[in-house]
Amino acid sequence: MYEKIWETHLVRASANEVPILYIDTHLVHEVTSPQAFEGLRLNNRKVRRPDLTFATMDHNVPTTDRSLPITDLIAAKQMETLAENCAEFDIPLYDIDSPEQGIVHVIGPELGITLPGKTIVCGDSHTSTHGALGALAFGIGTSEIEHVLATQCLLQQKSETFEIRIDGKLPYGVTAKDIILSIIGHIGIDGGNGAVVEYTGSAIRALSIEERMTVCNMSIEAGARAGMIAPDDATYEYIAGKRFAPKGEEFDAAVENWKHLPTDEGATYDRTLQLDAADIAPQVTWGTNPGMVTDVTGRVPDPADMATTDEKTATEHALAYMDLQPGTPITDIPVDRVFIGSCTNSRISDLRAAAEVAKGRKVAENISAMVVPGSQAVKRQAEAEGLDEVFREAGFEWREAGCSMCLGMNPDTLSPGQRCASTSNRNFEGRQGKGGRTHLVSPQMAAATAVTGRFVDIRKF
Amino acid sequence: MEAFKEHVGFVVPLDRINVDTDQIIPKQFLKRIERTGFGEFLFNDWRYLENGDPNPEFVLNLPRYANASILIAGANFGCGSSREHAPWALQQYGFKAILAPSFADIFRNNCYKNGILPIALPADVITSLGEEAHDTEGYQLMVDLEAQSVICPDGTAHTFEIGDFEKYCLLNGLDEIGWTLQYEADIAAFENR
Ligand code: SF4
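Taken in order, these protein sequences are the chains called A and B. Quick note on the working numbering: the first sequence kicks off at 1 and runs consecutively. Quick note on the working numbering: the second sequence kicks off at 1 and runs consecutively.
So here's chain B without its partners, still in its complex pose (with noise of 0.2 Å):
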């Protein structure tokens, strides 16, 4: 897994709350084996039109959004179907952090786990954020995860809550396997009991 320490990105706001799995990742897509190749079909249902063609009125199809790697979504984003294929695609699309109010559980621990960074903040700050990459042409945020912070371009800072273990992972790289493998002893003393 790549180390996440710090990220400078284009904004692009999608103002829908609940925002659930389904939407992330269509099931169809879901019948593949592979492990890449999902950031084409992220949204699908909303990106693309019915004969296939980009939806001209859906928001990651603007020109202006065309190299954003931070999302700012409505509250309860992720919810619904456990799939990791949702982060995936966000990931292989690009994004690099996700900024909302809230986040559905399994979601938010799939996001650790490849690399993604949801960060919750208030939904005044989320409001105002998107507002503001709605308004301003290229607009940009710093998230720099060692000081847990999300730094607007004026340097305006907001400060955000992670569990100190998926930081630690965040910033190492680390894959979770390995870490628990190292107490084999101890699941295999557990084993025996």
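With the rest of the complex left out, here is chain A (with noise of 0.2 Å):
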């Protein structure tokens, strides 16, 4: 399927040339693009397709609320700097005050701008996203969107393909974000590197169509350059009647089209990859980095146990960043704050999720528990089926969309020390605060988290 949509997006690929890859949609926000701006008026460029790009502010935006003025000076001056250059360079743009507005990578979908076979940038890594219904998506830096503002093209060496089957029926309890850590469990954050990930198998064409966004989306997280799952019946369905999507007969026409997509019977992948759904746990990080993660019923490693000396010091570093002692339950270790939000689990079937396991329950003493939707539209469409009154009920915070914790940008962030459960896609140090440490894990799990005060077994729950 990468080779296919790699086929028919070439522009030129030449011996001995880097090829340049033709790009369907740019997706741009507002902090990795003012510098990409800047370039084109210092050499006088131009955006060469307005058409096809679409912007958003997500990464800084308050999720409070939204009629007083913005505290933070610098992250107005971003947003301010967006819209200034949106509007010089013609760029439609679904600002702070638009129902559209969102995380870049909820809205994509939503809006109907992502379609199968599409090639699909973003100045963030998580646009892998995108992949889950059969696009090329992926991440980009900053010269690479001045680039692509400016020719609609980008140079692009060819990756190589990596097939990850999951066979199999998930158990109870067990979710999307479950499998996408498991795997990054076991091949490690560069397991992915220098490839294009598809995931195939019964227990991934299960999957609706959001959970596969989460699967996609960190795909990133275990080094791949793109993430994605071939199109089918409940893809067509989702996009169907969707703002941007095609309608009518040119909609019949492209679903035709669309199911040349997957890659063909008998193919081969440079790499392949088996697991089994059954043997899937509901997972929790420990470390810092998506690939420290171990089931619930586990414990936290200890570093005498690791194979190499470079291992055995990075578990000692994490450790000490996360003041966890090696042999420690996971079901022992309290939380501070609980986080459900981010581009991996905020999208409507994320809140659903989590509101069943918050339902007529309550938050445990001492613990600040809040959620932030993906977009607007999420969070209409949740306020609509009364989401919103359990969460608040049940004692969370109920807040605007946005990126919010899952990088701490605005001001939602942790203190130093404080730990959290979150449902987002990096627990680097500092990521969601300096000295924050950060849990990774579903949302069920979260909101269970929230109501114990410590991870639990949302199975035994």
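Just so you know, the hints here were simulated from the structure itself, not pulled from any lab data. Treat the hints loosely; a few may be bogus.
Claimed, not checked - Below, simulated BS3-like cross-link-like pairs (lysine-lysine); rule was C-alpha separation at most 30 Å, straight line:
# : chain 1 : residue 1 : chain 2 : residue 2
1 : B       : 167       : A       : 4
2 : B       : 5         : A       : 242
3 : A       : 359       : A       : 259
4 : A       : 77        : A       : 434
5 : B       : 167       : A       : 158
Said to hold, decoys possible - Some chain B residues well away from chain A (every beta-carbon gap over 10 Å; in silico):
#  : residue
6  : 92
7  : 105
8  : 145
9  : 172
10 : 191
All C-beta atoms in this analysis are idealised placements derived from N, C-alpha and C, irrespective of residue type, glycine included.
Fit the two chains together into the complex; they arrive one by one in their own frames, and the hints show the way.
Here it is as structure tokens:
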């Protein structure tokens, strides 16, 4: 599938030259774009296809009351700069007051901008999310953003192909988040380097489109260039009727085309990995990268058990930072905060799953828990279903849409030493605030943790 | 972009694997809208103490490494977020080349685009170069891009791989957008297909 999309988007491929790949959709946000626009201006260049470019504000928008002035002046400046750049270069912008505003990887699929077979780029590594619909989508850096703005193309080396096949039935309480965390635990955070991963197998087919997004979202955490899942009837059903999706006959014709996208029977991949869905348990990270993960029934590892000295040192560093003792059962670890949100787990199905756990229960004393929907549309839907009430009654804060505490760029951050159960995708040192300690989990596990004050096995909850 | 042909410089060893871009340039500095001035925030959380003073234990702060322009690091350097602020910070601090057993993909690409040369060498070579830099005050290496080789003071040379295109652009200090725009006609033809 990767190769098919690749071939049909090649503008130029000459021996000894880096191939030029055409980009169908370019998503832009406020943090990584200002310097790209600055570069265009400095060189007197224009945006080649403003019509294929979409901009939104997500990374550092405040998630508190939007009618108040923004307290963070630099964030305000970045948002203002994006608005000016979009006006100058004629790019459609879903700004902070727009009913469509949200995390770029949530609104892309929601608005029907993300479609099978497309090449999609964005200056954010979790662009791999869009691969869930059978697109080739990956993150790019600021000079590449400038490159795509100016040329609508990218210089790209072809990646290897990597099939990760998961067959079988997921046990009760085990989610898409647990699938991807367990994959990263298996192959490591560099296990996907240089490759585009295609997730296959009956367990992947059985996932909803939103769950597939959760899996593809974290492909980058295994080092992969992109993650993708072949489109099927569920994909077409999801896309039908979305705002920018083709309509009527055009839609039918598009579906016919999309049916040719999946990898041909018998095609081979450069690398493969097989896992059995039945073996996957709810996952909790204990360290400072997403590969430092174990089953909820597991224990914090002992550096002495590590195979190499590098791993031993890394584990020691991680445990010191996380303030954890080797051998501690995961379910003995208490938390201070709970964050449900981010482009990994902030869609309506994630919020429904968390609400089901929270319903009729109360957040434990001394724990502050918050829910940040991925987009304004998700927020409206959740409110229509009364999920906001469920969360509020249980003692969760209910916020406006944005990235929020996923990266702590707006005022939502952890204080030094605070420990957080988070549905986001990165547990790096300082990611959610300097000195903050992050444990990655699924939305269900996060909600249950908020109630008990420590990690619990959702299967026995 | 400045052309990169040959470079001789002091070496500093950073003995850590999986150094991610959040460590290279913490996110609070991403809010700037300029393209310069990131060097002073490189490795911010490791380099400075709570009160803002330099952390005397962090290797970059040791006086003996003050003028280093070649960084030696552990495997999978530059993993994590795709922020290009990371190579900017490294470059604006004064690094010209980074030597490691392996690099994260996006980071490696971002280095080439900003005139930094990421050099992957076998883990045992990196370990021994790191030890040399640690044991020998004023340890220097020479990087010869044309010959694709890292040359030690005793004359030993370690060759490394680099794509023809990346090499060409670095050697000529060429901007990639200008390169692609030469093929405007191909792009227009593609769009009309
Ligand atoms: S939610 Fe987090 S990972 Fe996702 S786009 Fe925002 S900052 Fe990046």
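Status of each hint after checking the structure:
Restraint check: the Cα-Cα separation between residue 167 of chain B and residue 4 of chain A comes to about 29 Å, which is no more than 30 Å; the hinted pair holds. Only pairs whose Cα atoms come within 30 Å are accepted, and residue 5 of chain B paired with residue 242 of chain A is rejected, the gap being roughly 52 Å. With a C-alpha separation of about 41 Å, the suggested pairing of residue 359 of chain A with residue 259 of chain A is violated against the 30 Å cut-off. The hinted pair formed by residue 77 of chain A and residue 434 of chain A meets the criterion: a straight-line CA distance of about 23 Å does not exceed 30 Å.
Note on residue 167 of chain B and residue 158 of chain A: the hinted pairing holds, with a Cα-Cα distance of about 18 Å set against a maximum of 30 Å. Against the 10 Å criterion, residue 92 of chain B stays outside the reach of chain A, whose nearest CB is about 13 Å from its own CB. Residue placement check: residue 105 of chain B does not keep its beta carbon more than 10 Å from all beta carbons of chain A (closest about 6 Å). Once the 10 Å rule is applied to beta carbons, residue 145 of chain B is consistent with being away from chain A; the minimum gap is 17 Å.
For residue 172 of chain B, the requirement that its beta carbon stay farther than 10 Å from each beta carbon of chain A is met, with the minimum near 14 Å. Taking the minimum C-beta to C-beta distance to chain A, about 8 Å, the non-interface status of residue 191 of chain B is violated against the 10 Å cut.
Hints 2, 3, 7, 10, counting from the list given before, are not met by this structure.
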